Amino acid sequence: IQYVINDLAEFKETLERVLERHPEYREAWKPLTEEFSIILSADPGPEALVLPDKTVNEWINILSETRQANQAETEARLKDLNQQGRDAARMGFIGLTVSITVGVAGSVFIAYRLNRSLSEVRRGIRDLAQGGEMKAVRVLSSDELGELAQTFNTMTARLRQEEQMRSDFISMLSHEIRTPLTSIRESVELVADGIFGDLNERQLHFLEISKKELLRLTSLLTRLMTVSSMEANDLKLQPEALDAEMLVTTVIERIQPAAAAKSIHIGSRLPQAPCRVLADFEHVQQVLLNLLGNAVKFSPTGSRILVSVEPEAERVVFCVLDEGPGIPEAEQAYVFRKYYREPSVRASVDGVGLGLSIAKRIVDAHGGEMWLVSKKGQGSRFCFALPKAQELG
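Residue numbering for the sequence shown follows our numbering, starting at 62 and increasing by one per position.
By construction, these hints were calculated from the structure, which means they are not laboratory data. Remember, it's a predicted structure, so these values are computed and weren't measured experimentally. Some hints here could point you the wrong way.
[To be verified] The list that follows gives simulated cross-link-like pairs (lysine-lysine, PhoX-like), each with its CA atoms no further than 20 Å apart:
1) K323 to K358
2) K436 to K358
3) K399 to K358
4) K323 to K273
5) K399 to K196
6) K273 to K196
7) K437 to K358
[Unchecked claim] Ranges of calculated distance between the beta carbons of each label pair, as one might list FRET restraints:
8) E81 to G167: 58 to 64 Å
9) R239 to F267: 43 to 49 Å
10) K272 to P389: 35 to 41 Å
11) L331 to S280: 43 to 49 Å
Heads up, the beta-carbon is just placed ideally off N, CA and C, and yes, glycines get one too.
Using the sequences and the accompanying hints, generate a full structural model.
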């Protein structure tokens, strides 16, 4: 009995602690506490240790309801916790998406600004490297890239000024030299013709050398003046419908003596049907003479040169193919520049590097284009295209 009493006393203490922690159940459990408050005497009877069935059932019902309430509250809190977790995950995903979007957009914007500024500088450098017009680039920012663009513009302005000074000097010098050179050439021709008396064979030989050198100087001055006119946009063209076969035949006849001196055979491949271009005869003839002259100059003795005409849908392509030393790929971007000469021929072949520059400018003025195909040691193929006469007629 004492053992049971001790257990009941401990249960009462446990029940009191539970009610202290959950006072909301004190009123509901009040009958239980009243039933449980048994007055223990020194010799209690057995009936005092037995609880009524009603009290036991009430305890069981209250405990069951309490367990269900606790379980429902636990489930509700777990559901709320899960919902908060889902909300947190959704907000985290949204935040991550927004962060990535903002980061990518910012990176694209920064890359665009950098590339826009750099593209302007790249364009200017590329045009300058290819011998094109030295134009100022747009300054699109005030940072280091903007400072770089401004520095480039200052450099190009200085280069344009120096180029203009050089062109003016060459033009002035050409005009100043042309008049006395003409007088010297005419005087030499008069002496060679025997106007001032008979000449022996040796005197005629040296006069003939003088005439050739005077013609070479006159040709050089003419080319210099042509370049000056082109740079001043003063190139006068008189386009007309020209037969392509006639152009090629005329130029081959003019260059034939120089080719024969080196035993070089000049052949042609012409279209069977008549083919006409709209061009200035003198200037286009000058282009063909320059290309054929270079082919003869750089081709070995006994080689072959082929001049071809290939009509296309809207243009006619003229090509000169030789068996010369060829042009290295690294040098091909510079061959149409003024005064440029390939390093391997500078010491062995005369020239000033103006012919191809003049030829390309003439072709460009006609609305055409000029290009080359060459490999070192395999000859060169220079081509230019002009519009068909009927296309512009």
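Consistency of the hints with the structure:
1. As the CA atoms of K323 and K358 are separated by approximately 9 Å, the hinted pair is consistent with the 20 Å bound.
2. For the given pair, K436 sits about 18 Å from K358 by alpha-carbon distance, which is consistent with the 20 Å threshold.
3. Note on K399 and K358: the hinted pairing holds, with a Cα-Cα distance of about 19 Å set against a maximum of 20 Å.
4. Using a Cα cut-off of 20 Å, the hinted pair K323 and K273 holds, with the two alpha carbons roughly 18 Å apart.
5. At roughly 18 Å between alpha-carbon atoms, K399 and K196 fall within 20 Å of each other, so this suggested pair holds.
6. A distance of roughly 41 Å separates the Cα atoms of K273 and K196; the hinted pair therefore is violated under the 20 Å criterion.
7. Taken as a hint, the K437 and K358 pair is honoured in the structure, with Cα atoms around 17 Å apart against an allowance of 20 Å.
8. The hinted window of 58 to 64 Å between E81 and G167 holds, with their beta carbons roughly 60 Å apart.
9. Range check, R239 to F267: about 24 Å between beta-carbon atoms, so the 43 to 49 Å window is missed.
10. Separated by about 37 Å at the C-beta atoms, K272 and P389 satisfy the suggested range of 35 to 41 Å.
11. Checked against the hint of 43 to 49 Å, the pair L331 and S280 fails, with Cβ atoms roughly 28 Å apart.
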